[in-house]
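K.L.:
The lines below spell out each chain.
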Amino acid sequence: MPKAKLLVIGLGQDLRGDDAVGLEVVKRWQAENPEIAEDPEVVVELAPLPGLSLLSFLECVEAAILVDAVQSGAAPGTLHVLEREDLASFGSDARSAHGWGVGETLALGEDLYREKMPEQVYLLAIEAGSLELGSPMSAAVQEVVAAAARKLQDLAMQLLAPHLMPETQRASV
Amino acid sequence: MPETIHVPAMARVEGEGALYIGVEDGSVKEIRVDIYEPPRFFEGFLRGRFLQDVPDITARICGICPVAYQMSAVRALEAALNVNVTPQVRALRNLFYCGEWIESHVLHIFMLQGPDLTGHESALSLAQVAPELVKTALHMKKIGNQLLRVIGGRSVHPVNACVGGFYSWPDAGELRALVPELEWGLEQARAAVTWAKGLPYPQLEVDYEFVAVHREDEYAILDGNILSSQRGLLDEADFETNYLERHERRSNALHSYTAEGKPYLVGPLARLNLNHEYLGENASLALKEAGIQFPLSNPYKSLVARAIETVEVFERAIHLIRQYAPGGPSASELTLKAGSGAAASEAPRGLLYHRYNLDANGLVEQAKIVPPTAQNLGRMEADLWQLAPQLLAMPHEEATLAAEHLLRAYDPCISCATHFLKLKVYDAKG
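Protein chains in written order, with numbering that gives the first Met the number 0: chain P, 0 to 172; chain R, 0 to 429.
Next up, chain P with everything else stripped away, as it sits in the complex (with noise of 0.2 Å):
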């Protein structure tokens, strides 16, 4: 099966506060991109809490943008865009509220399925504040969605950029 060039994956709990901000993040940017978020080669996903399940959706893909709210400490609302290296440091004690988190599984696809992971991957987390269960976003978190939605896209467009251009024009890239 040929592997879509792009996954973009909203994780988080929206009963659970900040949690919710993954899965906003990327309502918003496919409400706002729909000729990107819609493209046949693009695929998205809203996962409450997939754990190892993760793997399986990065798979089938080429390269994969995981939305995600994490805490490490950093004033709530911070948007963190963390590359395949950087993501060690959110592994298990900065972990992101999923049980399973995020480096972890992708630490554990890297060692088993290296060939079938996406070449490149970025989290682009937003610092959570509160994850009280039954407790809307934060008014610092609410703030950065709209950022966090245009920084999505901006990765999207890096990402698809070899896929968007013209067929001529792909040879040299």
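Hints in this document: simulated from the structure, not taken from any laboratory. Keep in mind the model is a prediction, meaning the values are calculated, not measured. One should not assume that every hint holds.
Here are some chain P residues pointing at chain R (derived, C-beta under 8 Å) [claimed, not checked]:
| # | residue |
| --- | --- |
| 1 | Val43 |
| 2 | Pro47 |
| 3 | Leu54 |
| 4 | Ser55 |
| 5 | Glu103 |
| 6 | Ala106 |
| 7 | Asp110 |
| 8 | Leu111 |
| 9 | Leu132 |
| 10 | Gly133 |
| 11 | Ser134 |
| 12 | Ala146 |
| 13 | Leu159 |
| 14 | Leu163 |
In this text, a Cβ means the ideal position worked out from N, Cα and C, and glycines have one as well.
Start from chain P and add chain R according to the hints.
P.N.:
Chain R alone, transformed into the frame defined by chain P:
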């Protein structure tokens, strides 16, 4: 002998909470297992909701066992409305549940408790030395995931289940296409029993009251009466008079006890002890080949019980897909009325009880959810007390690992909606 055991963070447990072991003058003075409990929040959150919203809301309590929360919920609500479901709906629910058990059991056997028994820090380090084992595990898990996706519309927080049945019948061709994978999984599950049987389990024999859903015609998962090794057979509706929840001041989770105030055990060990006679052909054979003697009462060996149950659900899934013949409406019609209904089903981690009181318009007046991990909290503490003399005789690091391993053997999972589990073992001197 450890004066103080301190572990900053506990890995491979789905949940949020803490373990305290207080050591003073060379003896254990206090043991507390605290796990925070989202179901309490959900009980409040469900009040005033329409009954058909309940399965989709409760599914979000847990990312690992959404089907269990859906199945106990729909069955309790159907009991409140006196609705019967068709045999096809019951069969499909059973199949749906198999997908969840496959995913959850395989995860626990190989990725959560397996590293403890093979001397590995994590599934990552296990994968370094036994990549094929971990790949097989991930492949088996994925088969469960695919089953959930075909039936539930998506694999994480499936959305197809409703009070009365399903919103739509899943495609028979898509289900049948999974049979070769499930047959492969069945073989791997048989091999997993052999592997599990050969692992070095710590010694601990506990005198448990086992409690599980029970049927006379199959190994009960979806429905049945409640069977206790101490008090015999109970109706689902009598659960709450026999098993009571108590608020412990030290914890924000309710702890469950029998009416006599004793802890009891739910989960794979309870199920296998009470229901092993009703396993299917392959699982019975696996049980026989493993030479298991009953009662099986070493908590660490719940991994073996999980492995045998994994054979059971692969086998059952194949059988149910071969029998699958959707026809007629996928859900029974509902007539709203005021009433109360209760139901229990077997989540991968143990008995999950729901009760709902409805008003005449089908709105929830009261919801009660008793998850398996909350029921086992008292048991975990009692087991740790029994283990305490062994812990005190161990070097510091070994004692810490042994205590963690015991809790992990329970596969505690209040909810993946929660995250960090902070383990604190403190010295009573300060």
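K.L.:
Now tell me if each hint is right for this structure.
P.N.:
Do the hints match the structure? See the list:
With a least beta-carbon distance of about 13 Å to chain R, the hint placing valine 43/P at the interface is violated under the 8 Å criterion. The beta carbon of proline 47/P comes within 5 Å of a beta carbon in chain R, closer than 8 Å, and the hint placing it at the interface holds. About 7 Å separates the beta-carbon of leucine 54/P from the nearest beta-carbon of chain R, less than 8 Å, and the hint is met. At about 6 Å, the closest approach between the beta carbon of serine 55/P and any beta carbon in chain R falls short of 8 Å, and the interface hint on this residue holds.
The criterion of a C-beta within 8 Å of any C-beta in chain R is met by glutamate 103/P, whose closest approach is roughly 7 Å, and the hint holds. For alanine 106/P, the suggested interface contact is upheld, since its CB lies about 6 Å from the closest CB of chain R, less than 8 Å. At its closest, the beta carbon of aspartate 110/P sits 5 Å from a beta carbon of chain R; the interface hint therefore holds under the 8 Å criterion. With a least beta-carbon distance of about 5 Å to chain R, the hint placing leucine 111/P at the interface is held under the 8 Å criterion.
Taking 8 Å as the C-beta cut-off, the interface hint given for leucine 132/P holds, the closest approach to chain R being about 5 Å. Of the supplied interface hints, the one on glycine 133/P holds, with its beta-carbon coming within about 6 Å of a beta-carbon of chain R, less than 8 Å. Interface hint status for serine 134/P: violated, as the beta-carbon distance to the closest one in chain R is roughly 10 Å, over 8 Å. Below 8 Å, beta-carbon pairs count as interface contacts, and alanine 146/P has none with chain R, the closest being about 25 Å; its hint is therefore violated.
Taking 8 Å as the C-beta contact cut-off toward chain R, the hint placing leucine 159/P at the interface is violated, the least distance being around 25 Å. Annotation: leucine 163/P was flagged as interfacial toward chain R, and the flag is violated, the nearest CB pair being 29 Å apart, outside 8 Å.
Checked against the numbered hints above, the structure violates hints 1, 11, 12, 13, 14; every other hint is satisfied.
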